[in-house]
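J.: Which chain is which? The protein sequence lines are S and P, in order. My numbering numbers the first residue of the first sequence as 1 and each following residue consecutively. My numbering numbers the first residue of the second sequence as 264 and each following residue consecutively.
Simulated from the structure, these hints should not be mistaken for lab results. A hint or two may mislead.
[Said to hold, decoys possible] Think about it this way: if two alpha-carbon atoms lie no more than 20 Å apart in a straight line, the pair counts; the simulated DMTMM-like pairs of lysine to aspartate or glutamate are:
1. Lys399/P - Glu140/S
2. Lys404/P - Glu178/S
3. Lys87/S - Glu470/P
4. Lys103/S - Asp478/P
5. Lys136/S - Glu336/P
6. Lys141/S - Glu470/P
7. Lys413/P - Asp348/P
8. Lys475/P - Glu8/S
9. Lys372/P - Asp348/P
10. Lys103/S - Glu153/S
11. Lys366/P - Glu336/P
[Claimed, not checked] Example chain P residues on the side facing chain S (calculated, C-beta under 7 Å, incomplete):
12. Thr363
13. Thr432
14. Gly482
15. Ile503
Every residue, glycine too, gets a C-beta built ideally from N, C-alpha and C.
Number of protein chains: 2
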Amino acid sequence: GFIHKGNEFTVSTGNGDTINGDALLLATGFDLFKSERKEEYGYGIYENVITSADLEAMFRKKEVKLVSGKKPERIGFLHCVGSRDEKVGNIYCSKLCCVTAVKQAIEVKKIFPASKVFCFYMDMRMGGALYEELYKEAQEKYSVGFIRGKVSEVAVNINNRLVAKVEDTLVGRPLKMELDMLVLMAGMEMSEDAVRLAKETNLQMGENRFFKPADHHFGTNMGNVNGVFYAGACTAPLNITETISHARSAVTEIVNYLNTGRK
Amino acid sequence: GFIHKGNEFTVSTGNGDTINGDALLLATGFDLFKSERKEEYGYGIYENVITSADLEAMFRKKEVKLVSGKKPERIGFLHCVGSRDEKVGNIYCSKLCCVTAVKQAIEVKKIFPASKVFCFYMDMRMGGALYEELYKEAQEKYSVGFIRGKVSEVAVNINNRLVAKVEDTLVGRPLKMELDMLVLMAGMEMSEDAVRLAKETNLQMGENRFFKPADHHFGTNMGNVNGVFYAGACTAPLNITETISHARSAVTEIVNYLNTGRK
């Protein structure tokens, strides 16, 4: 936490030191939605139901494989896990999961060119420079299948394969799809540490529990406490490019505050 | 245009003055896609086919009406006009048209509560703080109809009503819908002035003809010419919030350049 007296902030660090400052920049980031909460998708219950973060770790270790050690032949990506879902209290779109799914689908196809890869989505939200191009490449060059529909439930069949029940809204009928691996595209939530910090101090959280900006357009780096600034995904789901831009914007705001804004 | 000599820039203004500077910030904005180019939608051909900008002007004047002076009873919003459309050379998503359509649909329903309002979309791209909430409100509170499908053609029938041919991809069959007014959600393109500027100077344009950033993540404010900086929608489609953040980020980059970056 931090102590705020007059115009000065005192922050206690983990090792017991204290640091004083004239302004405070919070860049507390985000937590991934805990996929266990969507029990119907079987994360933590069925082998080979993994999260996008788990798959990313596999990419880094160059070990993309099933728990059995075999290579996956049919891989599904399930969008909107913990996003756009009132049942878990997250009405907002995490915005980055769609492009992450497309990126990961292409990477899987590069590793296993003979595999079948499917994305289950509600809307493909490829709003960002070169995102649409990537989506097109996934379809045309890598033959990733895009199925517009919600997965309602995941089970395991007698062959120990995952079975996803899908309502394909474009074809208008329910599907059962066998998969070897299902990747849950976990959304972004305000980090637990930041929630605790907000509760301990007077920092306000907004409707989706991210830090509430002073103004949605003009004041996204500023909070309700004079001298406290925000950068990055503690204010809303942001991609890397937006986060860097937002952090540089915070620098401008802080310099401005130090020059003229202190009360 | 501008002249770049050593570390100095000289800019000629419209009234014949010249201004010297140590760095140059370009904030040339965007042009709206010219909807006449999609002849099949009938802009400039049929009365009451208007653009989102035209409707915005009607809102400002508080005069939303048909050419006949009557009030519209059935209004359609057509997404992705000039965006995600290879035929016009724009593969990218303009990202803001979806939320603008929802905003305008709600405004129309507030003015004409008895009217029927429809949005024709490919994917609803509501990636932004409180966008999803607005989308939900449009459905639940204002009964805006969302039809997932491309409009292939607009004509006029014997009653002088617009007829939109729509492939409703969720129902899987073609529709003909009568409308009094059709609003084309025109996308964003690099401004013509900025294209000319890029051609006159050595500024590079990227794949979608926006200014090419030095790096897609770390260098979105910087171009290929040392001392030239970019802010806003001349680099990519950006909303107001993102534009403000990007502009403040440019300030940080320019100060950094003036302190240490000049060669």
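J.: Would you pick out the hints that fail for this structure and give their numbers low to high?
T.: Per hint list: 1, 2, 3, 5, 8, 9, 10, 12 and 14 violated.
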